[in-house]
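There are 4 protein chains.
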Amino acid sequence: MRVGMLTSGGDCQALNATMRGVGKALFNLFDDLEIYGFESGYHGLIYSEYHKMERSDFSGILNIGGTILGTSRTPFKTINEPDENGLDKVEAMKHTYRQLRLDCLVVLGGNGSLKTANLLSQSGLNVVACPKTIDNDLWGTDMTFGFHSAVNIATEAIDCIHTTAASHKRVFIVEIMGHKVGLMTLYAGLAGGADIILIPEIPYHIDAVCNKILERYKYGSKFSIIAVAEGAISYEDSLKSKKDYKKKLAERKYPSVSYELADEVFKRTGIEVRVTVPGHTQRGGAPVPYDRVLATRFGIEAAQLIKKQDFGNMVALVKNDIVKVPLKDIAGKLKYVNPDSQIVKEAKLLGISFGD
Amino acid sequence: MRVGMLTSGGDCQALNATMRGVGKALFNLFDDLEIYGFESGYHGLIYSEYHKMERSDFSGILNIGGTILGTSRTPFKTINEPDENGLDKVEAMKHTYRQLRLDCLVVLGGNGSLKTANLLSQSGLNVVACPKTIDNDLWGTDMTFGFHSAVNIATEAIDCIHTTAASHKRVFIVEIMGHKVGLMTLYAGLAGGADIILIPEIPYHIDAVCNKILERYKYGSKFSIIAVAEGAISYEDSLKSKKDYKKKLAERKYPSVSYELADEVFKRTGIEVRVTVPGHTQRGGAPVPYDRVLATRFGIEAAQLIKKQDFGNMVALVKNDIVKVPLKDIAGKLKYVNPDSQIVKEAKLLGISFGD
Amino acid sequence: MRVGMLTSGGDCQALNATMRGVGKALFNLFDDLEIYGFESGYHGLIYSEYHKMERSDFSGILNIGGTILGTSRTPFKTINEPDENGLDKVEAMKHTYRQLRLDCLVVLGGNGSLKTANLLSQSGLNVVACPKTIDNDLWGTDMTFGFHSAVNIATEAIDCIHTTAASHKRVFIVEIMGHKVGLMTLYAGLAGGADIILIPEIPYHIDAVCNKILERYKYGSKFSIIAVAEGAISYEDSLKSKKDYKKKLAERKYPSVSYELADEVFKRTGIEVRVTVPGHTQRGGAPVPYDRVLATRFGIEAAQLIKKQDFGNMVALVKNDIVKVPLKDIAGKLKYVNPDSQIVKEAKLLGISFGD
Amino acid sequence: MRVGMLTSGGDCQALNATMRGVGKALFNLFDDLEIYGFESGYHGLIYSEYHKMERSDFSGILNIGGTILGTSRTPFKTINEPDENGLDKVEAMKHTYRQLRLDCLVVLGGNGSLKTANLLSQSGLNVVACPKTIDNDLWGTDMTFGFHSAVNIATEAIDCIHTTAASHKRVFIVEIMGHKVGLMTLYAGLAGGADIILIPEIPYHIDAVCNKILERYKYGSKFSIIAVAEGAISYEDSLKSKKDYKKKLAERKYPSVSYELADEVFKRTGIEVRVTVPGHTQRGGAPVPYDRVLATRFGIEAAQLIKKQDFGNMVALVKNDIVKVPLKDIAGKLKYVNPDSQIVKEAKLLGISFGD
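Chains as they are written, first to last, in the working numbering: chain X, 940 to 1295; chain R, 940 to 1295; chain B, 940 to 1295; chain F, 940 to 1295.
Since the hints were made in silico from the structure, they are not lab data. A few of these clues could be false.
Just so you know, same-sequence chains aren't split out, so a pair can sit in one copy or run between any two.
What the hints assert, rightly or not - Derived pair list, reagent style DSS-like, types lysine-lysine, alpha-carbon separation capped at 30 Å:
| no. | residue 1 | residue 2 |
| --- | --- | --- |
| 1 | K1186 | K1246 |
| 2 | K1119 | K991 |
| 3 | K1179 | K1192 |
| 4 | K1206 | K1187 |
| 5 | K1192 | K1151 |
| 6 | K1016 | K1108 |
When you get a sec, could you build the whole thing from the sequences and use the hints?
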C-alpha cells in the first residue's frame, strides 16, 4: 500500500494532528505501507518534490501548529493552464502519482484545494480528502478542523480588548478572518460579547452601526466593541457589481475594512476608534482540544476509507458522526451564515446589532 | 413576569454565561420583568435566601468562571427527608416559589439537580432547566456546558506533562474528573495524546496496562502517559458488589485511584511513576469560546421557552440544534461512554490502550 | 487617615492588583481609614467625581484587567490651561483634595500622569505614585507593572505567526506598542524569536531590512518575522525635523508604520508581506504573575510610605529592591533602549538585525 | 573549537532556549566550530553517548519545553562511586571529554548538577554552566530560568481554584514544587492571591493555619486557599532530627504533605478540603517570555565566555546584569527564603498567614 499525502491552501491549526491520525491508523491497518509526503501542497505533487514519511514522523506533532509538509496556494482557476515553463499541471500531478505507483492520495485542504482534489478524482486518481479551514465554510461537513482554534484566538483578542475598553470611552474594532463567510466572526463575536457583529452575509448600514454605539453610550455604556469580518460589506457596496466593488477595494486608501469603518464611525459619532487586526495569528498556535479530537478522528476515518478502498470522498462531521461525503457533491460549494438562522435570531434577542 | 433562577451542584465554567443569556433575552422579551436569584442553589430556594437581579447584573459576566449566585450540593436522595430542624424541604421550596409569586423557575444543574427540578415540575411548579456539568453525562443532550472548558484544562495538564515526560524515563499519570463517566478522560486523553486511557466504562487489567508501558519502552518510547478517570476501576474491583467496592475504597490508603495505580505500575515494571491531580482546577477558569456560545444559546432558548410558557423542559443540544426535551424523560438518566462506540474504536486504531 | 486614589493615562494590566495592595495594606496599617476613589483619573479629581472604597472593594480584583476606577488621558501640556468652562484644573484638583480633607493622594500613572503628580506634589499636596505603563519607559525604576503582561501578549502573537509563517514563503510584520520607546518590541522580539527588530532608538535602513530577508531566504529560511515598534522610524525620517516628520505622518496613507513597511518590503523584494496589529489587546487581559507580584509589592510599599508620612515619592524597583524615588527627580524623564547596551549587543550576536 | 553540551537534573522550561542562545552565538563567534550534544545529561558524558549538533538544530526550539538532549539525574553523592560495572564515572567523563578533544563543556543544570560541574572544573576540564531550575534556589544568581514559567503554571492552578472556590464553602490546598525551598510557593501564592502560604523556611503550626481559616469564615469568606510547598513542614516535625523526619515521611500513609494537611484541617475545622497537585505540569509547557529572554541571554553570555576562554564559571543574573560567577564559589550552596525579608513582611502586611 502506497499512500501520498499533502496539505494545501492557507494553513491552519490541526493539520499535523490530522496527518498523525491518518499515519498512525494506516501503520496499524497495513503491514506493508509506504507514505510519501508532498512538499508545499500541490506544488510538490506537480514538481515531484516529496519525501518518505516514517512512523516516527507522526509522533509528537499532535499539538504542533502549521504543517510539517508545508503548504502553498495553487489557484484552482489556473490549474488547467500550463505553468511558466509550459508544463501541464494536471498531467504532471497524474504523472507523479503514477510514477510513485501510489494507491491513493490524501488531500488536506479547503475550498479551492478540494476542487482540485475532485478534478484529480474525476480524472481517475484515488483520492481521500479532509476538510481543513479556519473559516468552516465547506459544504458537506458541519465542522472543519481549525475553526474552533481560530475562533479561540479571535475571542481572546476581544477578551483583551474588553478589559481595556471598559476603562475608556471608545469604540474598538476587531477584524476577524473568514474570507467571504461570517461564521468565525459570528462565533467569536458571540463568545467575546461583541456589541455589534458585521458579516458578509448581512450587509451593514453605517447609520445602524453608529446608532447602536450612540444608544449604548446613552444608556451608560462608555464603550462598544465591533467584531467585523474581513469580508464585511456595507449595504451600498453590496449593491455594486462585483467588478465595481473590486475596483473600489483596489482604490481605497485603507488596508482593510476595519480602517474604513473606523474612519466612518469617528466622522459620524466623534468617538475615538481603535483598530485591532489579529491577522494571521488566527491561523497559528496549537490547536484547541476540540480540533485535536476532530482532526484525529477525521484522519482515522480517512485511513479506514483507504483500507476499504472507498475513494473519491471527503471525510466529514454530520450530526455528531464522522462520515464520508462524495467529493463531487461538495467540491466548490460554500457554506454561508443564513441571516434567518436560529443562531442569528438568538444573537439579536441578546441585543447584538448586525447593522441591518 | 416573575422568574426565579438558581445554580445547583458542583460548579463549572459558563454558569454565568448561561445566566447572562437567560437574563439578557428575558429583559428583551418582557417589559415587565423581575428576576430573583436564589443563593447557593436549592439552599436559597428552601430557606428563602435570594436577591433581585437587575439588567446590569448580567453584564460583564460572560467569561467569568464560577457563579454569581453561588451553589451547593443538596443531595436528591434526602430531598424528601426533613432538615435538621424538621423542615419539609420540598414544601419549603414550593412555599418560597409561591410567596414570591414566581411564574417560573430556571435551574442550572447536573444530574442530581435535574432530578430535583423534575420533582418540582411534577409537583406543579413551572420549571425550565439548563444542562450544566463538566462531565457531559446528562441524558437527552449531546453536550453540556462546562465540558469543553474542563477538557481544555485537563488537556493542558497532559500537554505540560508531555514536554517534561519526553526528557525522562518515566510513567506519568494524570487523574481526570468525571465521576462515574469517562467522557472527559476520553476526550482529554485523545486531545493530549495519552498512550493509555482508563475509564469507568471499561474496567482495566493492570497487566494490560503494564504490558503497554513495557511494549512502548521496548520500541523506544522512554515514557508513557496514562489519562485515568477518577472513577476508573480495575476488572477485579468491577466484579465486586457495590457494597464491597465502597468498603475497599473507604479502607484503602490512597487518596485516589491514581496513587494506587502508580504503586501497582511501579511494583510490576520497576519504572518510576509520577502523579498529577489537576483536581478542581478542571471546574475553574474562564469558559472556552465553545462553551460561551453554547451556554449563551441555552440561556436564550430557556428565555424563549418562558415566553412561550412551555415548562417542564430542559434545553438541549441535539444534532446541532438547540431544542427542548421533557424533564420527566431525562431526569436521573446518565450518558456513558459506549465501549463499542465509533470513537473508542478509533482510539484503539490509533494505538491507545484502554487496559482491556 | 483619608486617602484619595486614582488611575491615570492609558490603562494597563495590574492596575487593580496595585490598588488591592495599597488598599489591603492600608486597612491593616490604619484603624481609622477612609479611601476615596476618583473616577476616570484626574478627571474625577478635577470635577469631584469619586466614591468611597470599602475593604471589600479590594477583594477579588488581583487578576482582573483594566481598572475599577476607570481612567482617562488628561494631557499635562494643557494642565495649566482652563477647561472649556474656564475652570482652573490645578486649583480644582487642590480644591477637591482639601474639601475631602485628604491626607494624601495615591496616583497610578505613567509619564504624563507623573508630571501632573509632581506638579501637585510641588504645590503642596501629599502624593505617592506607582509606576504604571506597558512601555516600561519611566525613569527611576527598573520595571513598571504592565510591561511583562503586554510583552506576553505581543510574544504570543509572534508565536502564533511563527507556526503559520513556517508553512509559507512570506514576510510577517507584527506591530508592537511602546510609543517612543522600543523596550516592549525588543523583549517581545527576543522572546518570540523575531528575525528583525525595529525600534525608535535605532532608525532603520529599509535596504538593511530587505537584505536580511533576502539573505535568510538564500540560506533556506522561507519566511522572516519583523517585530516593529509602533514608533519605529526610518533613518531618512529620523533626519527630518520633528515638525516635518509629524507632517509626513499626518499625510501618509497608511494607518501605521507596519503598513508602510509592508509596502516598501514588497516593492523591493517581491515577497508577500502580511501585517498583524495586536493593538490594544496588549493592554488587556489578566496580568502575568510577575506583574501581579510586582504590583502588589508596589502597592504595599505605597501604603508603608503613607504610614511613614513620606510623601512626594514614586515607588520603584531598583536592583531587586522595592524603594522610593523622589517624584521631582524622575517626573518627565523617559528611559530608552540604549543602542550600545549589553542586551542589544547580545541580540545582534544571535543574528537579529536592527536594520542599522 | 569543539564544544560539548549537556542538560542535567530535573528538566524545566527554557532549556532549549538556553541551548539555542549558546549555539546561535557560538556559530556567529567561531568559523570553525563543532558542537557535541551529550544525551541524558552526565549519563551521555559518562557512557560516551552523544551526537553532533548542527546550526539548524538550534532553530525553532526557542519556545519548546523539555530538552532536545534529554536529561537524567546522576546524583552527586554517588558520583565518586563506581557504577554497577565498576566504571569510575569521573574518569569516564574526563575520558570522553578528551577523546572528543573538547575545548570546553557547557552544563545546564541545577544544584546537584553544578556540584558535578564544579568537580569536573576542579579536575581540569573547561566548564561553563547555566543556572537551570524551576526552584530558583541557586546561590550566586538572582534568577534561574524555569522559575517564572513554573510560577506561571502554579498561579494558573490557583486562579482556576479561585473561581470554583468562591462558589462553595471549602478549603482548597494547592501543592507547589520547589524541593526544600519556598520561593515558587511564595511567588505563586502572592500572584494567585492565596490566603495562607506554607513554605519549608517557616515551619507552620496547624492551629495557626486553622485559626486563619476560621477567622476568614467568621468575617464572611466562605473559602480559603492554601498554597503549600511540597517541602513544607510543621513546627513539630521541624524539631525532629533529619533521620526521624525521614522515617516519618517514609511511614506516613499520605503521598505528600497536602493530603496530610487536608486531613488535619478537616479534623480540626470540620470544613471540607480539596487537594490539587499540579505536579510535573510545573516543569512543562512553553517557557514564558521572561524565561525565554533570560535563557537566551544566559546562553549568549556562555558563548562569550567560551570565546574569551574564561572557564570555571556559571553565568548569572545579578542586579539586572548578566555576569559570571566562579563555580567554586557557588556550587552546592542553596538560596532560601529569608523569613525576615522584605517580601515576606509585605505578604504579612497584606494579611497572608504563613502559619507561624
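For this session: Measure nothing new, just compare the shortest in-copy and cross-copy C-alpha distances for K1192 and K1151 to 30 Å and report within, between, both or neither.
Result: Close inside one copy (26 Å) and across copies (29 Å); limit 30 Å.
task: Since the copies are identical, ignore which copy is meant and state whether K1016 and K1108 lie within 30 Å (CA to CA) inside a copy, between copies, both or neither.
output: Answer is between: at 21 Å across copies they meet the 30 Å cutoff, but 47 Å inside does not.
Taking 30 Å as the upper bound on the Cα-Cα distance, should K1179 and K1192 be classified as within, between, both, or neither?
Result: close both inside a copy and across copies, 19 Å intra and 25 Å inter.
query: Is the C-alpha distance from K1186 to K1246 at most 30 Å within one copy, between copies, in both cases, or in neither?
result: Answer is neither; intra-copy 50 Å and inter-copy 48 Å both fail.
| message | I want to check one pair: K1206 and K1187. Are their C-alpha atoms no more than 30 Å apart within a copy, between two copies, both, or neither? | response | Result: close both inside a copy and across copies, 20 Å intra and 22 Å inter.
Practice prompt. Go through the copies and call it for K1119 and K991: within, between, both or neither, with a Cα cutoff of 30 Å.
Written response: Classified as neither; 37 Å inside a copy, 44 Å across copies.
Going down the numbered hints, you'll see the structure goes against 1, 2, while the others check out.
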